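Chains as they are written, first to last, in my numbering: chain D, 20 to 341; chain L, 6 to 266.
Be a bit skeptical, because a hint or two may be false.
Examples of chain L residues toward chain D, derived with CB under 10 Å [what the hints assert, rightly or not]: (1) I22; (2) A26; (3) K125; (4) H146; (5) L153; (6) I155; (7) E165; (8) S176; (9) N188; (10) R191; (11) Y192; (12) L195; (13) W228; (14) K253.
DSS-like, lysine-lysine: derived pairs with alpha carbons at most 27 Å apart [stated by the list, open to error]: (15) K29/L - K74/L; (16) K152/L - K139/D; (17) K74/L - K37/L; (18) K90/D - K152/L.
No wet-lab data here; the hints were simulated from the structure.
Owing to the predicted nature of the structure, the values given are computational and were not obtained by experimental measurement.
Where is the CB? At the ideal position from N, CA and C, for every residue including glycine.
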Amino acid sequence: MKFLVFIEQRDGKIRKASLEALALARRLAGGPVAAVLPGKGVAPLAAALGKSGAGVVYVADRDDLGLYSNKGYVGALSAAAERESPDAVLIAATAMGKDVAPRFAARRDVSVLADVMDLKLEDGRLVGSRPVYSGKARAEVDCGAATLQIATTRPNVFPAERDESAADARVEALNLPDVTPRARVLRVEASESKELDVSEADVIVSGGRGIKGAENWPLIRDLQQALGAALGASRAVVDAGWIDHQYQVGQTGKVVSPTLYVACGISGAIQHLAGMGTSKVIVAINKDPEAPIFKVANYGIVGDIFQIVPEVAKAVRAAKAE
Amino acid sequence: MNSLVAIAYVPDTETRIKVAADGKSLDETDVKWIVSPYDEYALEEAIRAKEAAGAGNVTVVTVGPERGKTGLRECLARGADDAVWVDSGDSRYLDALATAKAIAAVARDAKLDFVWFGQKGVGYDESLVGPMVAELLDLPHVGSVVKLEIAPGKVTAHRELEGAHEVVESSLPVVLTAQKGLNDPRYASLKGIMGAKKKPIVEKKLALLGIPEADPAGSKTRWRKLELPAPREKCHMIPADDPAAAAKELVRLLREEAKVL
Chain D
20 MKFLVFIEQR
30 DGKIRKASLE
40 ALALARRLAG
50 GPVAAVLPGK
60 GVAPLAAALG
70 KSGAGVVYVA
80 DRDDLGLYSN
90 KGYVGALSAA
100 AERESPDAVL
110 IAATAMGKDV
120 APRFAARRDV
130 SVLADVMDLK
140 LEDGRLVGSR
150 PVYSGKARAE
160 VDCGAATLQI
170 ATTRPNVFPA
180 ERDESAADAR
190 VEALNLPDVT
200 PRARVLRVEA
210 SESKELDVSE
220 ADVIVSGGRG
230 IKGAENWPLI
240 RDLQQALGAA
250 LGASRAVVDA
260 GWIDHQYQVG
270 QTGKVVSPTL
280 YVACGISGAI
290 QHLAGMGTSK
300 VIVAINKDPE
310 APIFKVANYG
320 IVGDIFQIVP
330 EVAKAVRAAK
340 AE
Chain L
6 MNSLVAIAYV
16 PDTETRIKVA
26 ADGKSLDETD
36 VKWIVSPYDE
46 YALEEAIRAK
56 EAAGAGNVTV
66 VTVGPERGKT
76 GLRECLARGA
86 DDAVWVDSGD
96 SRYLDALATA
106 KAIAAVARDA
116 KLDFVWFGQK
126 GVGYDESLVG
136 PMVAELLDLP
146 HVGSVVKLEI
156 APGKVTAHRE
166 LEGAHEVVES
176 SLPVVLTAQK
186 GLNDPRYASL
196 KGIMGAKKKP
206 IVEKKLALLG
216 IPEADPAGSK
226 TRWRKLELPA
236 PREKCHMIPA
246 DDPAAAAKEL
256 VRLLREEAKV
266 L
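Could you build all of it, start to finish, from the sequences and the hints given here?
As structure tokens, then:
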């Protein structure tokens, strides 16, 4: 079974979600796999991917790939697939992966096992498990009789193990035609805050209507900083204009699967649960003992967040100082 | 400005999901169906583009069983001009590629500036069909758009990434997928609802668009099993009479029992 893994980098750093996909491919293949790395100035990053599971890395290091275009990046993936003839292609389900995978699949006349949270091999065929209907059910999916099987993997779900003793990957340059994309990235605007995004965070602290007003974010921020977490928010507070949509966790926001999710003053509407229900450990702090959030939480405290949250922040700092 | 807006008609997000007797599909009894929420942003933006240009047409299309026509009527009431229903026939599950082929076949017949989608349907949640249609039509696409500026012959779209926005300029025609934040969709007016009854819904058969109906021997994705998640363990409630003690106990449990700190 031959795997090819699409590797994404931003600002000269390989994305963790791609390393997770690469490590997954190596586990499934039982040995090193192929990878493709497009971008500008990315060649020096290629060899070290050997530690994460790559035997060979096809590199497309070009000026015209400095900013993302689906034409350029799908072109690089297609060229690598041409060279490698893989049975399966894995791509992390990031914003870029969600852009690349369906275009590449349609070009090859196949579909995608999208956003899988589990992936295994049965008789040489990929079998994925993915959340459907707002996370209320899981579908087990396969690619039928397709000769090329493609899956995108949800970030933060699969371990990104490294093998420090593994050899460097062999690096092969891809020759690509010049790209003049019709949809061209003019610029990338980082959020003003430059803070960790919920979709990439291991720990998330979220605030809901219980915070009572936009002026009370410092209460949540304090715990967020104590935990080194990302900040999240419920739909209610986004719709109320207390915080920007980029922080929203839930069905119409971001879907996250962190190791630890702390919900402060969030009742747990179904649309919020759809976005965070797959978190490994959930803590809920809410004054209403009947709040649905307690049905999915592992640990719950019924009480006033204005009293409890600062104490939790204090206890976390004390524990970390030990 | 001429737009085609593809909508997914999906179970209401409040609907309780049950698994059908075959163990691999949705039990549709008592399911309430809605136009997928992201598609509403797509439709709204298409209508605004037409209104701003002072000319054009907005067509809505859906692929699936007949109930989708109810969704199309809702879109007509909100301001779409006409609609196309692609009848998926006996196919209970049509994968993203087959759906994309049907929509691409409808789009090919029309002179369009925009092909719009929601950034995902809240049923299968795959986010695949929009970019696939772009590939099949050999058009540029910009996904997850939160802001759009239209200029003659081109658009500038702001697209949401992890912790950043990409500002993308594209020629027309272009395929766009709408993300929350793009606009506040309008409600249908009473006049709109009355008027929608007179607007046409064209019906097309999947087979007539040259798309083979989902065939178990076909090379496409399949659902093998549909399962409800195992219920989570009962929540461990920590008494909060003394907030400081409760906080300490929580941190202890997170460290020693859950091992996440």
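Subject >> Violated constraints from the hint list, given by number and in increasing order >> reply: Structure breaks hints 2, 5, 6, 9, 10, 11, 12, 16.
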